[in-house]
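Start from the sequences, fold in the hints, and give me the full structure.
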Amino acid sequence: MAAVNANQPPESHPLDAPATTSASAAGTGASGTHGDAAAGPGRPSGDGSGVLVLAGTPIGDVRDAPPRLSAELARADVVAAEDTRRLRRLTQALGVQPAGRVVSYFEGNESARTPELADALEGGARVLLVTDAGMPSVSDPGYRLVAAAVERGIRVTAVPGPSAVLTALALSGLPVDRFCFEGFLPRKAGERMSRLREVAGERRTLVYFEAPHRLDDTLTAMAEAFGAGRPAAVCRELTKTYEEVRRGGLGELALWAADGVRGEITIVVQGAPEAGPAELDDEELVGRVRVREDAGERRKEAIAAVAAEAGLPKRQVFDAVVAAKNAARGAASRGGAASPGGSGRRDAGDRGGDG
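Taking full-length UniProt numbering, the leading residue of the sequence shown gets 1, the next gets one more, and so forth.
Distance condition first, Cα-Cα at most 20 Å in a straight line; then the derived EDC-like pairs of lysine to aspartate or glutamate:
no., residue 1, residue 2
1, Lys300, Glu284
2, Lys314, Asp282
3, Lys325, Glu284
4, Lys300, Glu198
5, Lys314, Glu274
6, Lys325, Glu297
7, Lys314, Glu191
Calculated from the structure, these hints are not laboratory results. These numbers were taken from a predicted model, which means no experiment stands behind them.
Next up, the structure:
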């Protein structure tokens, strides 16, 4: 992909600007300061019915901005942005200036600012919500404001835009007819593993966001929870100059990531295999658990991993292991062959059943 100059405006598009747009909208707006910028009273426009507009923004290449975004920026009474500095760079690239007030709306102030914006909506304001990249509410601020607007009976609409989730799915080479978006995993190792094991048997393709400095640990945990051979794709810097899609098994990808990876990351993991209970009997399940135990895994971890590989409930594998253990004890108590070191073993060469 050719390098993109973020300051180069895209080709002009006819803007579907509503009749309520002020003729001087392009000449007024944010002062360009970082943080909240008051560019006038933010007086509600239209017929008094407030509207919340969720607008998608580019995930990398500014030329992917939807043409309607410029129209909404020039029309909204209030623009709520996850990062007002990034919004300023975007509007400069688009050659448009917000007509109304620009306020910050991010994770740290979302709880406090939501009621304020909801009140403005109820008073008839047109509020435009944008995040740093992609669609608001999808692993970004927005859900609380949408919920508040819905609760108050306020109209919510959208200007669809780029999505890292859908772009990564399309490029992954993995099944996309059914998928499940899991967002970011917990940062703590124990919580992360617990979350992964919850979906280890999920048949649908899984999509995750991850920070580059945690990618190595996350892929290693995925290889343990899902199986090292589970197909996956790591999508990096989508739509940007150094876009890369690395495909392979989770174990292979974990080794690749150990050298360090930079950029925005989206991980796509193929769903659990179609293997069912009929294809793996209890003896084979127990054997797989023992192999993992011999390699140093704790029994609980081995059972969880085998269950994930087989696409079975952990309880089913656990019951098989317990049944095998009880059967071995019963055989030993009857004087049959027991495990090495057992008191009931008669002869080192006797590996039969009940002697």
